[in-house]
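Number of protein chains: 2
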Amino acid sequence: MFKRDLFSEEVASYLSEDEWLVIEDGYDAQKNLAYESIFGLASGYMGNRASHEEGDVRSSLPANYIHGVFDKSEAFQRELCNTPDWTKLKMYYKRDPIGIESGQSLDEYIRVLDMKKGFLAKHYVTTAHDGRKTKVELIKFLSRGHNNLGLLRIYLTPINYQGLFEFENIIDASVTNFMDFPRFRVKHLETLEVEPIDEFGASILSQTRDFKLPIATTTAVAVYDMAGNNILKSRKFRRYGEVACEFIDAQVKEKQTIMIEKYASIRTGRDSDAVVYDASHDLRQALERGFDNEFEVHQAEYKRLWTRADLVIKGDDKLQHALRFNIFQLMSTPSMDDDRTNIGAKLMHGEEYGGHAFWDTELFILPFFTYVFPGVAKNLVTYRYNLIDKARENAKLNGYAGAKYPWESADTGDEECPAWTVEPDGSCYRCYVADYEHHVTAAVAFGVDRYYRFTKDEAFLKEKGLEIIVETARFWISRLEYSATKDHYEINQVTGPDEWHEPVDNNAYTNHLAKWNIRKALEYLTRYKQDESQVYYALLKKIQMTESEYEQWYAISEKIYLNNTSGLIEQFEGYFDLKHAIIHEWDANNMPLLPDALKGIKRSQTCILKQADVVMLMFLLENEFDKETQKVNYEYYEQRTLHRSSLSPSIHCMMGLRVGKEQHAYDYLERSAYVDLYDNQGNTREGIHAASTGGTWQSVTLGYGGMSVDREGILTFNPRLPKHWDYIEFSIIWEQVPLHIRITHEDVIIKAESIDKKITYKVNEKTYKI
Amino acid sequence: MFKRDLFSEEVASYLSEDEWLVIEDGYDAQKNLAYESIFGLASGYMGNRASHEEGDVRSSLPANYIHGVFDKSEAFQRELCNTPDWTKLKMYYKRDPIGIESGQSLDEYIRVLDMKKGFLAKHYVTTAHDGRKTKVELIKFLSRGHNNLGLLRIYLTPINYQGLFEFENIIDASVTNFMDFPRFRVKHLETLEVEPIDEFGASILSQTRDFKLPIATTTAVAVYDMAGNNILKSRKFRRYGEVACEFIDAQVKEKQTIMIEKYASIRTGRDSDAVVYDASHDLRQALERGFDNEFEVHQAEYKRLWTRADLVIKGDDKLQHALRFNIFQLMSTPSMDDDRTNIGAKLMHGEEYGGHAFWDTELFILPFFTYVFPGVAKNLVTYRYNLIDKARENAKLNGYAGAKYPWESADTGDEECPAWTVEPDGSCYRCYVADYEHHVTAAVAFGVDRYYRFTKDEAFLKEKGLEIIVETARFWISRLEYSATKDHYEINQVTGPDEWHEPVDNNAYTNHLAKWNIRKALEYLTRYKQDESQVYYALLKKIQMTESEYEQWYAISEKIYLNNTSGLIEQFEGYFDLKHAIIHEWDANNMPLLPDALKGIKRSQTCILKQADVVMLMFLLENEFDKETQKVNYEYYEQRTLHRSSLSPSIHCMMGLRVGKEQHAYDYLERSAYVDLYDNQGNTREGIHAASTGGTWQSVTLGYGGMSVDREGILTFNPRLPKHWDYIEFSIIWEQVPLHIRITHEDVIIKAESIDKKITYKVNEKTYKI
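Each protein sequence line maps, in turn, to chains B and Y.
Whatever position you read off the first sequence (first residue = 1), add 41 for the working numbering.
Whatever position you read off the second sequence (first residue = 1), add 41 for the working numbering.
Chain B on its own, in the form it takes in the complex (with noise of 0.2 Å):
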């Protein structure tokens, strides 16, 4: 039997099967919040919490976050906004709420997430205290045929009675961020309008506080019975505040079903100059359509995304289940044509961070982007070209040249991170990640060179991609600091990945990422040069750079100092006389625990990482470090790491593979997939780990598949699958050719979609061609 056989025919009818669910089997009130994140859908406009429809839930945060509409105002940073929530649809009998806490008992419940599909699904049998007993099912889903509409379709069943039902079609404006965390909680919103759209429907608008964007949120009703009639007879405009409300009834006979369809349109002053108009027009043109002709429009673009985008793994149901609900999350989020917005830390799926753009972006989530929708990729790396006037405002705000990518990233390009932080507890607190942690500058130019060598995309590289790396390049050269009695070049006062010792001098990552960032500045400006020197002069003159100011470059990464490159790195300078002792207990969901002869000592001064830099740099820098300095340096550090950040494990169990760490890579693997699929961190109600999804991603085909692209640019595979597993098989596009790849324990099996070009690759180092 399938889950979707719990559902009347009707929605199981739409239902994939259980393989491509998430299930919430039967409800419990203590994890509504999580399941609001897991069930949280996103349309690449905006993001949609699952909150229940019905309301009456005790503990919910419904929101509604929008692309690109921040806001500061009392907050301590500017802040991904939560928009007017769309999607109540209140449901009455006699003034008596009908819903998922509503009566005297849940008789029945299930709510999937249908991956393959993209929508919300919910079934549940209710009996009220007077003994009445609704059976209510819903669909759900945010529409990928028209990214700014959300549709949502209720069948309602009174079971053992009959009569007058009353529904309340609600837009409800009185939306905060963090609105359970009284400390935190703003409103980003100020309403102006709450107004009814012509004789069909209601909308508000809205605008944010501090830039005055305008945001309209529509909504409408429509109601049938089971055979299509539209059986809705009027409709009464209610506005209560910030609330606005169509009032509608509907006779109901004793086991009829009826459908209530909601149709919602969202338009904000990004992409609109009249937001009521265009988005009730927007409004208008769905109910016309109808629901099931907008539904299918929907399901095909899924189908579409997920014949790019599925990674199979034979053998392996519950890591295959949890991969493609990592993938769905990720895919769905970003905009497909919007290259003014990124992915925050927590996708669409919280408020935690601030819906900021990190390092996590090209480190974690670009890699998947750029294999897989490269035209998402390109949306993401542009989106730092579009505010690198920022980062150069940044760079010389902070006394330096070149430029400084903020370590938290809004719509502005304005660092958000802010120097202080208000804690849980009230104090103030000054933060120094935006002060020292610049690593985070050396990561946008990995990932536009990743972006590149993956894409030959060389009209990015040319207009947009060369000048960060520059750019950036010069930013590290200003950084530096010359040490005369050493001769070598330093950079002191910086934090890296691992946050627990702040700040430090000569931090292995970062010094590592510097050099390598120079001298990818210098290899492109000396292609350029060679190749079209007419983009290399033009480059010159717009950043007034002289062939002066780089030639000693060189020179100056050649003396950036290195504690060693072989053998055991130091993470910094002194990081080895610090207190050392080692993990050696793990707690019950197997995370490493803080050695008993630490305790009581301060962070900063022990050996114990929230997360490992040396490991990070080797993974990132595979090319650099041979084998056994990998494994000497995975080991040593591996045994001092909490992995007290979902960036950790992913690159652990990468590393772990690269050197024969099987048991450990996969243990990772697992920690990093079910993060927020089984709330193994009690965070998930925040939103969705976003590094962990592109990590889970890599972690299979980067990791398992051991896919690369070489020294010469070549894509290399080298796999390392698990006993267990069949084989994985997925899709890329190679430089622009899409590439269907099957990787068993014996071969690797590559189909090109095209073949207008010739493809290299080598696996296990033999080079093959198709």
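Warning: the hint list may mix true and false statements.
One copy or two, it doesn't matter: identical chains are merged, so the pair holds either way.
What the hints assert, rightly or not - Computed cross-link-like contacts, EDC-like style, restricted to lysine to aspartate or glutamate with a CA-CA straight-line distance of at most 16 Å:
1. Lys135 x Asp466
2. Lys72 x Asp171
3. Lys277 x Glu115
4. Lys497 x Asp751
5. Lys359 x Asp59
6. Lys527 x Asp221
7. Lys72 x Asp137
8. Lys296 x Glu663
9. Lys135 x Glu464
10. Lys277 x Glu464
11. Lys807 x Asp767
12. Lys44 x Glu60
13. Lys668 x Asp148
14. Lys131 x Asp221
Honestly, the hints are just simulated from the structure, not real lab data.
With the hints as your guide, set chain Y onto chain B.
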């Protein structure tokens, strides 16, 4: 053990003995709405439902009604507005709300209304999902010292943990009327300003939507340890749309108790020109006086009120308790100094009937105030005088002369009972009550006459009362229709108190009262012409009446058709021809059931009554009907009355006593006394039945005490105490002399507080003097 011993010593020290408490022992979410009414507080300025102050309760209708603040907007009548909720004080430990329904379990719970001192207290212990146990206690009162102030103090004790607690002091202006009744939900206020008050509080300025009446709601908090040290360090003001919030926090140690005091001050354009300024001023002064000081003044005032209003029933503890509850809610409600407001049919405890004054005021409520608080009674009758111009307009509008009082009266005196109402099923219903139910006009005159006869307030009579009685008589004269064939005057197309027969011709109740009203006008006109002719002529001039206009009134009144004055009186013409059957079954609550023989027949075509007109008539005009007639009619109609109005039982109690049906009478007394205290009709959630509170008081004093004023205006007593009562004891103010009355089975003992004036009274036909 007293119930107060379940509280901490601190709170227990404030609480009265059990007989003065209404107790909610253990929490049942299903009963919460009823307790919000039962525990509602009123200050004479405003009324406040007892919604739990910590919020986070699923089923709750927070409400704060202010005398005279009405608005119509989309409602079908002008309603007493729900104004901003100033009561909320939310508490959190690490984001986790602390409240009645918030935890894993509620281990202890008791809430009491201390009727003696006029405050609410609660105590509970809740265990959170993580095992934290918290004790919370609360005291809340609406100050009678400064009746625009509401205060509450929470005692918070973490039992097995400690740390930082966070609090939100909230004013919520997003409230509506009929919050849980989507079809009727209306928002009557617009929010104009949500602002901090200097550095110490928060305010919201609202206004009614129709008349733009400004309302300022202000609040501030103070936090103390139990040694009285101020431990409030800082407060942050936050604006969330229509919600004002002061965010504060405090460190609390394990087992330590802290006190969080909330002060609120409200002002409207009815009592201030600068509402926010004045409310803030009052708030600041209250803060300076402090909680204990304000509480002491408040308690002293309740002591004074009870000295006047207590009614002791020795030998019947349950009824004693209920009587005090009825008196407490009734006496707390009206303004002591505002003669432009009245008392709504649900007191200030719910919004059903729009907070409108009905004939309930004059016939059910006014006697209590006339006898106990004549100052309030004077305001209530003056309210009618203040609106007499509108009553004259209303008469003219309907084609009549004189003054026709509206069936439902709010602030303007317009008829608020709409011609069309919307039913819960959404259908529109033509409501004929305002068209036909004319007897309210006689009730207004009756109230004025009773007020005068009891108080001998000559000034009121000549300045206001006389005009009301004459103008209402003038209405009746114009309302009469002469039948030449029968040579009598008829009143056709009316509805009596029994609304199930609508309209009817020559309703006995209406015809008798019309006649009484005309005769009373003639009596006063004659008297003033003789005794104070300048008053008489001034009146005639003012109301443009000539002596010739009324010279035929007596003759006309003689010819008003009264179908019978002894023997069985037909309720209206044709009543005896209806389908008849007598009640022979009662439900589990002892409520009569429709006889089987009448089922399926249109109500108006059967003899079955909602409430008995003829019984009511005999109760009011006792002296016009002999004992036998009263008995015959009581017995006849009692068998045909379903008592579907809360006005019915008390009248049947008193009439039952008169005709010797003691057991009947006692059953009816209980029905009246317990209706809300035990939510016997299941609708206490909508408010307190105002008529029952007054009717219950009348049942004991006028019914069992047999107190009345005879034809000669002498205070008389014909006591009929039930055997199990030892005595009753109460106070009245008779002709401005406070009298203390104890009625035993043997005696009526009267003590006068002042002996400047001789008092004559009769007991069982014998005359006494003091």
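A quick look at each hint next to the structure:
In the homo-oligomer, the alpha carbons of Lys135 and Asp466 lie at most 16 Å apart only across protomers (9 Å), although the nearest pairing inside one protomer, at 45 Å, exceeds that limit. Proximity of Lys72 and Asp171 under a CA criterion of 16 Å is satisfied inter-copy only: 14 Å between copies versus 28 Å inside one chain copy. Taking the shortest alpha-carbon separations for Lys277 and Glu115, only the inter-copy value of 11 Å comes in at or below 16 Å, while the best intra-copy value is 36 Å. For the homomeric pair Lys497 and Asp751, the shortest alpha-carbon distance inside one copy (15 Å) is at most 16 Å, but the shortest distance between copies (109 Å) is not.
When the C-alpha separation of Lys359 and Asp59 is checked against a cutoff of 16 Å, the pair qualifies only within one copy, where the shortest distance is 12 Å, while the shortest distance between copies is 63 Å. Proximity of Lys527 to Asp221 under the C-alpha cut-off of 16 Å is found in neither arrangement, the shortest distances being 54 Å within a copy and 77 Å between copies. In this homomeric assembly, Lys72 and Asp137 come within 16 Å of each other (Cα to Cα) only across copies, at 15 Å, whereas the closest approach inside a single copy is 25 Å. In this homomeric assembly, Lys296 and Glu663 never come within 16 Å of each other (Cα to Cα): the closest approach is 65 Å inside a single copy and 58 Å across copies.
With identical chains, the CA atoms of Lys135 and Glu464 are at most 16 Å apart between copies only, with a shortest distance of 11 Å across copies and 46 Å within one. Within a single copy, Lys277 and Glu464 get their C-alpha atoms only as close as 46 Å, which misses the 16 Å cut-off; across copies the closest is 15 Å, which meets it. Within a single copy, Lys807 and Asp767 get their C-alpha atoms no closer than 22 Å, and across copies no closer than 111 Å, so neither meets the 16 Å cut-off. Only within a single protomer do Lys44 and Glu60 lie at most 16 Å apart by alpha-carbon distance; the minimum there is 10 Å, versus 59 Å between protomers.
For the homomeric pair Lys668 and Asp148, neither the shortest alpha-carbon distance inside one copy (58 Å) nor that between copies (62 Å) is at most 16 Å. Taking identical chains as interchangeable, the C-alpha atoms of Lys131 and Asp221 lie at most 16 Å apart only when they sit on different chains, with a minimum of 12 Å there against 22 Å within one chain.
Checked against the numbered hints given earlier, the structure breaks hints 6, 8, 11, 13 and satisfies all the rest.
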